Amino acid sequence: MKRRIKGMVVALAVVLMFAFAAPAFAETVYYNGSAVSWDHGRTAAVYSFSDVQTSGYEHSATANTTFSGWKSPGVQAHAQQLVGVTAATAYWNCR
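Counting from 1, position 36 in the sequence shown corresponds to residue 36 in our numbering; the numbering is continuous, with no gaps.
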């Protein structure tokens, strides 16, 4: 009986681990030939996020409809929004 319970607990832990795993992407994108670091995806499987950083331009991040505001060069722009099971969209912008 103990062995069966232990197996069920391990199986449940594995299922929960994958249920909350969410893809995240790190990319280098370019604005006027300058590299921009952009991370985006989901966290805890229910939040959309976007992180942007560059050293030469003001920049912003948007996750679904949440805007980070314009950040100075070298300061990370972060946006996060609860989206549940709906689509997660992320954007970056520089000026």
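To be clear, the hints were calculated from the coordinates, so they are not data collected in a lab.
Just so you know, these numbers come straight off a predicted model, no measurement behind them.
It is possible that some hints are incorrect.
Here are the simulated distance ranges between beta carbons [claimed, not checked]:
id, residue 1, residue 2, range
1, F67, K2, 15 to 25 Å
2, Y31, I5, 17 to 27 Å
3, V75, A24, 46 to 56 Å
4, Q76, Y30, 15 to 25 Å
5, A35, R3, 47 to 57 Å
Built from N, CA and C at the ideal position, the CB exists for glycine as well.
Verification of the hints:
| no. | hint | in the structure |
| --- | --- | --- |
| 1 | F67 - K2: 15 to 25 Å | violated, 53 Å |
| 2 | Y31 - I5: 17 to 27 Å | violated, 56 Å |
| 3 | V75 - A24: 46 to 56 Å | violated, 21 Å |
| 4 | Q76 - Y30: 15 to 25 Å | holds, 18 Å |
| 5 | A35 - R3: 47 to 57 Å | holds, 54 Å |
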